[in-house]
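Asker: One-letter residues, chain by chain:
Protein chains: 2
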Amino acid sequence: MLTVFGSTALDTIRTPDKILKDVLGGAATFAGVSASFFVKTGLIAVVGTDFPKKYHNTLKKYLDLEGLAIHKGKTFRYDGSYDKTLSTRTTNKTELNVLGSFEPIVPEKYRKSQFVYLANNDPDQNTKIIREFDNVKFSMCDTIEFWINSKRNSVIKMIGSVDAVVINDEEAKLLTKEHNLIKCAKKMMGWGAKYVIIKKGEHGSLLFFDDVIFPSVAFSLEDIVDPTGAGDSFAGAMIGYLASKNSTSLSEIKKAVVYGNVMGSFAVEKYGLDGLTNTTKAKIQNRIKKYQSMIDF
Amino acid sequence: MLTVFGSTALDTIRTPDKILKDVLGGAATFAGVSASFFVKTGLIAVVGTDFPKKYHNTLKKYLDLEGLAIHKGKTFRYDGSYDKTLSTRTTNKTELNVLGSFEPIVPEKYRKSQFVYLANNDPDQNTKIIREFDNVKFSMCDTIEFWINSKRNSVIKMIGSVDAVVINDEEAKLLTKEHNLIKCAKKMMGWGAKYVIIKKGEHGSLLFFDDVIFPSVAFSLEDIVDPTGAGDSFAGAMIGYLASKNSTSLSEIKKAVVYGNVMGSFAVEKYGLDGLTNTTKAKIQNRIKKYQSMIDF
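Chains R and F, in that order, are what the protein sequence lines are. First residue of the first sequence? That's 4 in this note's numbering, and the numbers climb one at a time after it. First residue of the second sequence? That's 4 in this note's numbering, and the numbers climb one at a time after it.
With the rest of the complex left out, here is chain R:
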């Protein structure tokens, strides 16, 4: 089993072509739903009493919700706008609401999870919660600019407490104060992460382990409508795939990255969570085949 700890949100997403108001989002939502195509996935998150029933049903369809707390008050809300190239997002508003005072509790049955994904939460919370799992084989965390700027030392400590860090390129540079991504990764490995995965959006990703570098391209897409959740979907697919194989061999981790690229490509093709909820295991396998033939030379 895989456990995912992170945010479930009501997102307002403004793209050049469409505005989505209060749609189901959040890092753990994307990561969890993405992972659920590979393995049974439990969610640790919180929503408010205003959280729509239909979204609860969506989550229930993909995830074990024993770890989902429903607290009195409003659900965490995020409002962001993309520029016309869809490459830059500006945050208009963040309302923490019930997320602000959330103290995550790991349900008894989740404690045995051998695979644990800690989304871009407060790094101190991530560092603390990972200790509550009894038998972790592979843990992976993400982080974001907000925590790097406000709690850099806690982020570094968190990186030392997990097996793998998945982080985007700009945040890796900000965190490590390096320009070259290999140097960024080496620094994070020096802080204790065994594996570092740097996400580069449309340019794919770089996986680092010891002296191994595994660069992989993104699945090329002509029509991208909403990049929200692509990185979370990437990470969820990675750890979901590994959990399904119950393996942490380098060879499987490389394959996991490829699944990450493919699930990220589904995420950006449709608005909000629709890219993931409209896919199927068969479509995923088909795209993996296309990916392989695309890069073959």
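Because the hints were derived from the structure by calculation, they are not lab data. Predicted, not measured: the structure shown is a model, and the values here were computed from it. Careful, some of the hints might be misleading.
[Claimed, not checked] Distance ranges between label pairs, derived from CB positions:
hint, chain 1, residue 1, chain 2, residue 2, range
1, R, 289, F, 224, 50 to 58 Å
2, R, 128, F, 17, 40 to 48 Å
3, R, 186, F, 17, 18 to 26 Å
For each residue, glycine too, the CB sits at the ideal point set by N, CA and C.
For this one, chain R is given, so just place chain F on it according to the hints.
Answerer: Chain F in isolation, oriented as in the chain R frame:
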């Protein structure tokens, strides 16, 4: 035989760690020297009477110089500064000098070249000169922001007169007025190019042909000292490899792109032309092997 038409320059390159003054550079220099590792390459270019003997000897070591004109006056000079990340270059000064009035002449023996590379020259000159080759099997051109801004229609016409365009991502977007690189490539193919290769620097490249997209990663490097000429080295290697195979099959073109990535990686490892002049055929083959094992999963 391959013919390369383009600029030979005396470059002043300012990087965070070192300033190079009046070193051998220019698009055709990098492309030609890179290509010369694969095939006999003739250079069509002009230098001034001030062009140092030692640089003439360097060129002579790698290239057939029957097409190199030496005109009274000063050699084309370029002066540019990189920022601390080495990802942005600012032009401080461009002195066209003898290049300003240069009318290229194709030597008789070059006319039979089946492979022709037209560097980022005046697009009208490129369109004109390609007609002087009797038996072209594969022609490829590059272009830069300066021509896109000053002679966009000529650039489009040039693209219609060659088999392949190699262009960097920002310039592809500027030229086509599209944001998505697949859309950029389709537009350029609509203008008549059979193959489009979009260079993305450290993120590798995308090759387009009909409905085929071949994305490839760059060879990962930790220590990059001078990105000057990387794109030209990429292009030179591509067409040099193809000329050496006397083939334009899609399968060979994909391999040519991989050689392009590898030669680009040599170019950026050392200052100026040193990355190319310090490599050998054995080192290239070795890096190709490393590239293959790096991306294997």
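Asker: Work down the list of hints and note, for each, if the structure agrees.
Answerer: Against the structure, the hints come out as follows:
For residue 289 of chain R and residue 224 of chain F, the hinted distance range of 50 to 58 Å is not satisfied, since their beta carbons lie about 34 Å from each other. Checking the proposed 40 to 48 Å range against residue 128 of chain R and residue 17 of chain F shows it holds: the Cβ atoms sit about 46 Å from each other. At roughly 22 Å, the beta carbons of residue 186 of chain R and residue 17 of chain F sit within the given window of 18 to 26 Å.
This entry does not satisfy hint 1, going by the numbered hints stated previously; all others are met.
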